[in-house]
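S.K.: Residue numbers (this note's numbering), protein chains in the order written: chain A, 1 to 339; chain B, 1 to 339.
Treat the hints as calculated values from the structure; they're not laboratory data. Virtual Cβ for every residue (Gly too), placed ideally from N, Cα, C. The reader is advised that the hints may include incorrect statements.
Listed next, the stretches of chain B that the computed footprint assigns to chain A, with coverage defined by at least 3 CB atoms under 8 Å from CB atoms of chain A [unchecked claim]:
#1 89-102
#2 177-183
#3 255-264
#4 295-309
Number of protein chains: 2
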Amino acid sequence: MAMSMMPELPADRTPGAQLTVGIDVGGTKTACVVTDAQDQVLLHEVQPTEATRLPEQLAMMIRHAVDEVAVSGGTVTAVGVAVPGQVEPRSGAFALAVNLGGAAAVLGPQLAQRVGLPCFVEHDAASAAEWFRLANGGGDRNNLAYVSVGTGISAGIVLDGEIFRGHNGLAGEIGHVTAEPEGPLCTCGLHGCLEATCAGPAIARMARDAVARGRKSALDQRASAADVFHAAARGDPLAREIVSVVSGHLARAIRGLLFTLGVQHVVIGGGVAAAGEDLLSPLLAAINGERAASALAEAAFAQTTIELLSPDVEAGARGVAAIARERVGADQREGVGKR
Amino acid sequence: MAMSMMPELPADRTPGAQLTVGIDVGGTKTACVVTDAQDQVLLHEVQPTEATRLPEQLAMMIRHAVDEVAVSGGTVTAVGVAVPGQVEPRSGAFALAVNLGGAAAVLGPQLAQRVGLPCFVEHDAASAAEWFRLANGGGDRNNLAYVSVGTGISAGIVLDGEIFRGHNGLAGEIGHVTAEPEGPLCTCGLHGCLEATCAGPAIARMARDAVARGRKSALDQRASAADVFHAAARGDPLAREIVSVVSGHLARAIRGLLFTLGVQHVVIGGGVAAAGEDLLSPLLAAINGERAASALAEAAFAQTTIELLSPDVEAGARGVAAIARERVGADQREGVGKR
Numbered sequence: 001m002a003m004s005m006m007p008e009l010p011a012d013r014t015p016g017a018q019l020t021v022g023i024d025v026g027g028t029k030t031a032c033v034v035t036d037a038q039d040q041v042l043l044h045e046v047q048p049t050e051a052t053r054l055p056e057q058l059a060m061m062i063r064h065a066v067d068e069v070a071v072s073g074g075t076v077t078a079v080g081v082a083v084p085g086q087v088e089p090r091s092g093a094f095a096l097a098v099n100l101g102g103a104a105a106v107l108g109p110q111l112a113q114r115v116g117l118p119c120f121v122e123h124d125a126a127s128a129a130e131w132f133r134l135a136n137g138g139g140d141r142n143n144l145a146y147v148s149v150g151t152g153i154s155a156g157i158v159l160d161g162e163i164f165r166g167h168n169g170l171a172g173e174i175g176h177v178t179a180e181p182e183g184p185l186c187t188c189g190l191h192g193c194l195e196a197t198c199a200g201p202a203i204a205r206m207a208r209d210a211v212a213r214g215r216k217s218a219l220d221q222r223a224s225a226a227d228v229f230h231a232a233a234r235g236d237p238l239a240r241e242i243v244s245v246v247s248g249h250l251a252r253a254i255r256g257l258l259f260t261l262g263v264q265h266v267v268i269g270g271g272v273a274a275a276g277e278d279l280l281s282p283l284l285a286a287i288n289g290e291r292a293a294s295a296l297a298e299a300a301f302a303q304t305t306i307e308l309l310s311p312d313v314e315a316g317a318r319g320v321a322a323i324a325r326e327r328v329g330a331d332q333r334e335g336v337g338k339r
Numbered sequence: 001m002a003m004s005m006m007p008e009l010p011a012d013r014t015p016g017a018q019l020t021v022g023i024d025v026g027g028t029k030t031a032c033v034v035t036d037a038q039d040q041v042l043l044h045e046v047q048p049t050e051a052t053r054l055p056e057q058l059a060m061m062i063r064h065a066v067d068e069v070a071v072s073g074g075t076v077t078a079v080g081v082a083v084p085g086q087v088e089p090r091s092g093a094f095a096l097a098v099n100l101g102g103a104a105a106v107l108g109p110q111l112a113q114r115v116g117l118p119c120f121v122e123h124d125a126a127s128a129a130e131w132f133r134l135a136n137g138g139g140d141r142n143n144l145a146y147v148s149v150g151t152g153i154s155a156g157i158v159l160d161g162e163i164f165r166g167h168n169g170l171a172g173e174i175g176h177v178t179a180e181p182e183g184p185l186c187t188c189g190l191h192g193c194l195e196a197t198c199a200g201p202a203i204a205r206m207a208r209d210a211v212a213r214g215r216k217s218a219l220d221q222r223a224s225a226a227d228v229f230h231a232a233a234r235g236d237p238l239a240r241e242i243v244s245v246v247s248g249h250l251a252r253a254i255r256g257l258l259f260t261l262g263v264q265h266v267v268i269g270g271g272v273a274a275a276g277e278d279l280l281s282p283l284l285a286a287i288n289g290e291r292a293a294s295a296l297a298e299a300a301f302a303q304t305t306i307e308l309l310s311p312d313v314e315a316g317a318r319g320v321a322a323i324a325r326e327r328v329g330a331d332q333r334e335g336v337g338k339r
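Please work from the sequences and hints to get the whole structure.
M.R.: Rendered as C-alpha cells:
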C-alpha cells in the first residue's frame with residue numbers, strides 16, 4: 001500500500017491555531033489536507049482508496065493528520081469528508097457511490113465516534129465547487145459548475161452562492177447523463193453515460209481496446225488516460241482520435257450544463273484535468289466549433305468562463321475543510337443560542 | 001389566415017372584474033386567453049403565428065380580447081406575453097427565438113404603447129411551469145421542470161418556488177442539449193439537438209424521409225407528428241419505430257434533468273403532448289427500462305412524478321396571465337410605496 005507524504009507549504013503555523021481536516025474520497029485515491037482559516041495547506045497526504053474498509057482508513061488518516069499538526073501546536077477542531085454519490089449533509093450519510101463499489105454509510109457519526117471530533121460529510125464535487133466559490137471571492141452571486149472528471153464524473157453546482165443539491169439530492173450527477181445513446185455500459189447499469197465515455201477508465205479502455213484490435217499506436221495495453229493525452233500531444237493518431245472523441249463529449253456536456261443551469265463559470269477538475277493544455281486545447285476547439293455554428297451556442301458560451309483546475313490544488317479536500325470550519329462554527333453559535 | 005374562436009367556460013363574469021390577457025406565442029400557433037384571479041378562462045382564441053409581423057398580430061389579438069370581455073363588464077388590467085428564446089422580463093425583451101426565424105424585439109414596451117396596458121414578457125415554458133406550480137398549490141417548495149415539446153423544445157424550471165433563468169438567461173433551453181452526437185442539423189445550427197430529434201417537425205420528418213426512401217407504412221409524405229402517434233397506436237411498424245426513438249430520447253432528456261437539476265416534478269406539455277397515452281406509454285416504458293437497469297436511475301426517478309399536460313389546458317397563456325396579474329399588482333404596491 002503506497003503512501004505519499006507531501007507537506008506543501010512552509011510551516012507558518014500559529015501555535016494553537018484552529019485547523020480543520022479535509023478528506024476527498026475518490027474512486028482511486030483519497031487525499032487528506034489540514035488547512036487553516038486562510039485556506040493555507042499545512043499538511044497533504046494521498047493514499048489509494050480502500051473502499052471495503054473506508055471508515056477505518058479515514059479514521060487512521062484523520063488521527064495521523066491531527067497528531068502531525070499537534071506537534072507544532074495546531075489544534076484540529078473539525079473534519080470534513082467529501083464523498084461521491086448521493087449525500088445527506090445533515091445526517092452525514094451517503095449512498096449510491098457507484099465508484100466505491102456502491103458503498104453507502106452514515107459516515108459522519110461513525111467517524112466522529114472513532115476520532116472524537118465533529119465530522120461533516122459533503123458531496124465531493126460540491127466541496128470542490130465551494131472551494132472555487134471561496135477562491136473566486138466567496139460572493140453570493142456565484143453561479144458555477146465544477147465538473148470533476150476522474151474515475152467518475154460529476155458536477156458540483158453552486159447557484160446564487162449556495163451549494164445546489166436538487167430535490168432528489170442527485171443534482172449534478174451529470175456522469176450519468178447520456179453522451180452516446182448506444183454507447184458502452186456504465187458502472188451505474190445504464191448505457192452510454194458521460195462517465196462511460198469520458199472518465200479516466202473509459203479513456204484508457206478506448207486505447208487498450210483499439211490496441212487489442214491491432215491498431216498501430218505508441219500506446220500499449222497498459223495505457224492510462226494520462227498516457228493517451230501525452231501520446232496525443234506527441235501526434236499519435238489513435239491517441240488524437242480518442243482525445244477528439246472525449247473533448248467532443250465534454251464540450252457537449254458543458255453545453256448541456258449551460259442550456260440547463262445557465263451557469264457563469266465551468267471549472268473542470270479531477271484526475272483527468274491533470275492533462276492540462278492537452279485536454280483544454282481540443283476541448284476549447286470543440287466548443288469554438290459549436291460557437292461558430294450556432295448563435296444560440298455563442299450566446300451561452302460567450303457569457304461563461306471555462307477553465308481547468310489541476311487536481312494538485314486539492315479543491316475537494318480544501319473545500320470540505322472550509323465547509324467543516326463553517327459548519328462547526330454555525331453549530332457552536334447555535335449551541336450558544338440554545339443556552 | 002384561419003382564426004378559431006373557442007370561448008371555453010360559461011361566462012361567470014363579475015361586472016368590473018379585474019382580468020388579465022395571456023398570450024402564448026408558439027412556433028406554429030399563438031394562443032390568447034383572458035383569465036380572472038381564479039385562473040378561470042373567460043376567452044380563448046388561437047391563430048397561426050405571424051412571426052414577421054408579431055407586434056401587430058399580438059396588438060390586434062389583445063385589443064380584440066379586451067373588447068370582447070368589456071361587453072360583459074370585464075376590465076383588463078394587464079397583459080402577459082409568453083415567448084420562446086432568451087427573455088429579459090425586466091425590459092420586456094426577447095432574443096434568439098430560433099423557431100420564430102431568430103426573432104428578437106423589446107416586445108413589452110412596444111405592445112404597451114400599442115394597446116395602452118402594462119405588458120409583461122416571460123419565457124413560454126417558464127410561464128407554463130409557473131401555471132403548474134400555482135395549480136399544484138403554489139408552494140415555495142416546488143421544484144419542477146415543464147418540458148414543452150412542440151415546434152421546438154424547451155423547459156421551464158421552477159426551483160424552490162421561483163422561476164429559474166440561470167446567469168445567461170438560457171437555463172432550460174434543453175432543446176439544444178445533444179441527443180445524438182451525429183444527429184440531424186438543428187434550426188439552431190448545431191447537430192443532433194434534442195429539438196432536432198424529438199420536436200414535432202423532427203417526428204414528421206423522420207416519417208416522411210422513411211416513406212420517401214420507399215418504406216411501407218400507413219403514413220405518407222404529408223404525415224404530421226400527430227399522424228405518427230396515431231399510426232403507432234394502430235400498430236404501424238414504421239410509426240412504432242419512430243415513437244420508440246422519440247420516447248427513448250425524451251426519457252434520456254428527463255434523466256438528464258433529474259441528474260442535473262434534481263427536480264421533483266416533470267411535466268411534458270406542448271403540441272406533441274396532445275398524443276396523450278400514445279406518447280406517455282412508450283415514454284414510461286423507456287424510463288422503466290432505465291430504472292430496472294440502474295439503482296441510480298431508480299433513485300432519481302422514484303422521487304419524481306412524470307406526467308403529460310394536454311396543450312388544450314393552455315398552461316403557457318394562463319401562466320403568463322397569472323404572472324402579469326402578479327407583476328402589475330407588485331408594480332402598483334411599489335408605486336404606492338414610493339408616494
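S.K.: Are there three or more residues in the stretch 177-183 of chain B whose C-beta lies closer than 8 Å to some C-beta of chain A?
M.R.: As far as the stretch 177-183 of chain B goes, the hint holds, because 5 residues have Cβ atoms under 8 Å from chain A.
S.K.: Taking a Cβ-Cβ distance under 8 Å as contact, does the stretch 89-102 of chain B have three or more residues in contact with chain A?
M.R.: Three-residue rule met by the stretch 89-102 of chain B, so holds; n is 4.
S.K.: Can you confirm whether chain A covers the stretch 295-309 of chain B, using C-beta to C-beta distances below 8 Å and requiring at least three such residues?
M.R.: holds (count 7)
S.K.: So is the stretch 255-264 of chain B in contact with chain A by the C-beta rule, three or more residues under 8 Å, or is the coverage claim wrong?
M.R.: holds (count 10)
This entry satisfies every hint, going by the numbered hints stated previously.
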